[in-house]
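**Student:** Chain residues, written in single-letter form:
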Amino acid sequence: MLNYQNGDQRAFRELFEIHQKPVINFCFRFCQNRALAEDLAQEVFLRVYRGAAGYRPEARFNTWLYRIAVNVCLNETRKIHYRVQVDSIDRPGPKGGDDSPKQICDEEQADPGEKVASKQRGEMIARSLAGLPDQQRIALALRTYQEFSYEDIAGQMSCSEGKVKTLIFRARQSLKEMLKDFL
Amino acid sequence: MKKTCNINPKMNQLLSAFADGHLSEKDRSLVVRHLEACDLCRDEYAAIQSIDRLLRKSEELEPSANFADSFWRKVDAMEAAKERKAWFNWRDWGFRPVWAAAAATLVIASGVFLYHRTPFRALDDAGDSTGLLIAEDIDLYDDFEVVQHLELLEQWETISSMEEI
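Residue numbers (the numbering used here), protein chains in the order written: chain A, 1 to 183; chain B, 1 to 165.
Bound conformation, chain A alone (with noise of 0.2 Å):
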């Protein structure tokens, strides 16, 4: 990031590559839309390319640019009021393409019946992730699927770590009702 607050354009290409994937996935668990998780990914990056001169490398990167995540997945949800839903996995995508997210279990050589109930699971658990009051889902989606610490999340989320915690804490319980049926 510095080089590229220093000029460098291809350092800003690299960053663009390496954090693509992680930051459009943080953007579908937050709205369970592909379409709607790439168009979100893709305003947090214009928002890095413009912002450069902002970032300051006391803090790390990564957390940086999750902070922008976060704020852009939350002005959208107070811009149109996003109720989320969760696409049904037999309807294709708004391209034709398969909007389903794959999953990460050895599907490939899973017998049919394996398959099925995979997708189920899959299905379910974004379902009751969407189910999810929204700053309970993000700060569970930092900490589960970016692995950040209670500290940098109060950071990105502007708020104690103390509120972390019961936030996180409080999205579990609700999942373990939810997701009771696959424990």
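Some hints could be false.
As the list claims (entries may be wrong) - So the derived list for chain B, only partly shown, Cβ under 10 Å to chain A, looks like this:
| # | residue |
| --- | --- |
| 1 | Gln13 |
| 2 | Ala19 |
| 3 | Asp20 |
| 4 | Gly21 |
| 5 | Glu25 |
| 6 | Ala46 |
| 7 | Ala47 |
| 8 | Ile51 |
| 9 | Leu54 |
| 10 | Ala68 |
| 11 | Ile159 |
I should point out that these hints are in silico values taken from the structure, not numbers from a laboratory.
From the three backbone atoms N, C-alpha and C, an ideal C-beta is built for every residue, glycine too.
Take the given structure of chain A and dock chain B to it, following the hints.
**Tutor:** The following block gives chain B in isolation, referenced to the frame of chain A:
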């Protein structure tokens, strides 16, 4: 129905932070000792770990094929807009006395040039009041040539008679 530990009702929240490794040494020891003694909290802790495992092994999108291209097009458009804006941005030009002096010189030169080109100026110099009349009633400007030769019109009868001779 939610079950709460009878021994320590706050243990659920501590277990969540414990799973994330975000407890003080004192609280961590408390939780470890408690887990050894409480089946309910052991189940709760196992549930937290299961949730995390479940979340981690699901949902991983690959960027669309056109994601990067689409992004760089936006960047190019933004840069182009910035350049256009910068050209008109006076602040970027900065205040320099030379710009002020050039502007003042241009205004004065234009004024002098226009003053010498105007027909009013020629008429005024000739002591003719027609220019003043035109200035007061701009419609007369349409008939400026007629106005300019009013003397001829006033003497028209004399001139006509002279032609007849």
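**Student:** Does each hint fit the structure? Answer for all of them.
**Tutor:** Consistency of the hints with the structure:
no.	hint	verdict
1	Gln13	holds, 5 Å
2	Ala19	holds, 8 Å
3	Asp20	holds, 6 Å
4	Gly21	holds, 9 Å
5	Glu25	violated, 16 Å
6	Ala46	holds, 8 Å
7	Ala47	holds, 5 Å
8	Ile51	holds, 5 Å
9	Leu54	holds, 6 Å
10	Ala68	holds, 7 Å
11	Ile159	violated, 80 Å
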